[in-house]
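Participant: Okay, here's what each chain looks like letter by letter:
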Amino acid sequence: GAVVSQHPSRVICKSGTSVKIECRSLDFQATTMFWYRQFPKQSLMLMATSNEGSKATYEQGVEKDKFLINHASLTLSTLTVTSAHPEDSSFYICSARLLTGINYGYTFGSGTRLTVV
Amino acid sequence: GQQLNQSPQSMFIQEGEDVSMNCTSSSIFNTWLWYKQDPGEGPVLLIALYKAGELTSNGRLTAQFGITRKDSFLNISASIPSDVGIYFCAGRADSGTYKYIFGTGTRLKVLA
Chain A
1 GAVVSQHPSR VICKSGTSVK IECRSLDFQA TTMFWYRQFP KQSLMLMATS
51 NEGSKATYEQ GVEKDKFLIN HASLTLSTLT VTSAHPEDSS FYICSARLLT
101 GINYGYTFGS GTRLTVV
Chain B
1 GQQLNQSPQS MFIQEGEDVS MNCTSSSIFN TWLWYKQDPG EGPVLLIALY
51 KAGELTSNGR LTAQFGITRK DSFLNISASI PSDVGIYFCA GRADSGTYKY
101 IFGTGTRLKV LA
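Chains as they are written, first to last, in the working numbering: chain A, 1 to 117; chain B, 1 to 112.
With a straight-line Cα cutoff of 16 Å, these simulated EDC-like cross-link-like pairs (lysine to aspartate or glutamate) come out:
id, chain 1, residue 1, chain 2, residue 2
1, A, Lys20, A, Asp88
2, A, Lys41, B, Glu41
3, B, Lys36, B, Asp83
4, A, Lys66, A, Asp88
5, A, Lys66, A, Glu87
6, B, Lys99, A, Glu59
7, A, Lys20, A, Asp65
8, A, Lys41, B, Asp38
9, B, Lys70, B, Glu54
These are computed hints drawn from the structure, not numbers from a lab.
Kindly generate the complete structure, drawing on both the sequences and the hints.
Facilitator: Here it is, written out as structure tokens:
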């Protein structure tokens, strides 16, 4: 089945540094990937839509200069949290759109727990 | 961001009982998905619904796409301890976009 690998699973960084999170589709090509953010005991909030070969589309209120998204290939999208601050600590999850016939499945990565100290 | 209303927020049930939860929206959706999320993991797709009125099963799970296209329901029959987790609905409103909006989640705890 379709697998999305997300790395790292956990990261702790110092305030002011940048962190890169990778999302890979292992056995399929993903023209579109999505990045979500989830606070404890809350739902998933869509941050941005990542399209291969073009600029990402950010949701309202998400700073594109802070959350840099790159989708350089059909199997890899990256999210870089720049100049991280403690309030950026959260669970970040990516998902990839898989084309299956006329319907579209969405597979999630296992998430990245970011802690900024 | 926009969210779907999901109820109940949480529930404790006895093992073997049936569980029902629903998701409602103020706008029409053309696709509904149901996911389960375990702690520290990404959501796993349980059931996908693409047509109003559609009823789809996956083992002990059954989900329905509401006729009004503004709601969806998930039922779990004969619950077992491993059903514990958070269940999210997700809906797609615009056929021109691939974005899904997630529900607020239902936290399920099963008492053995």
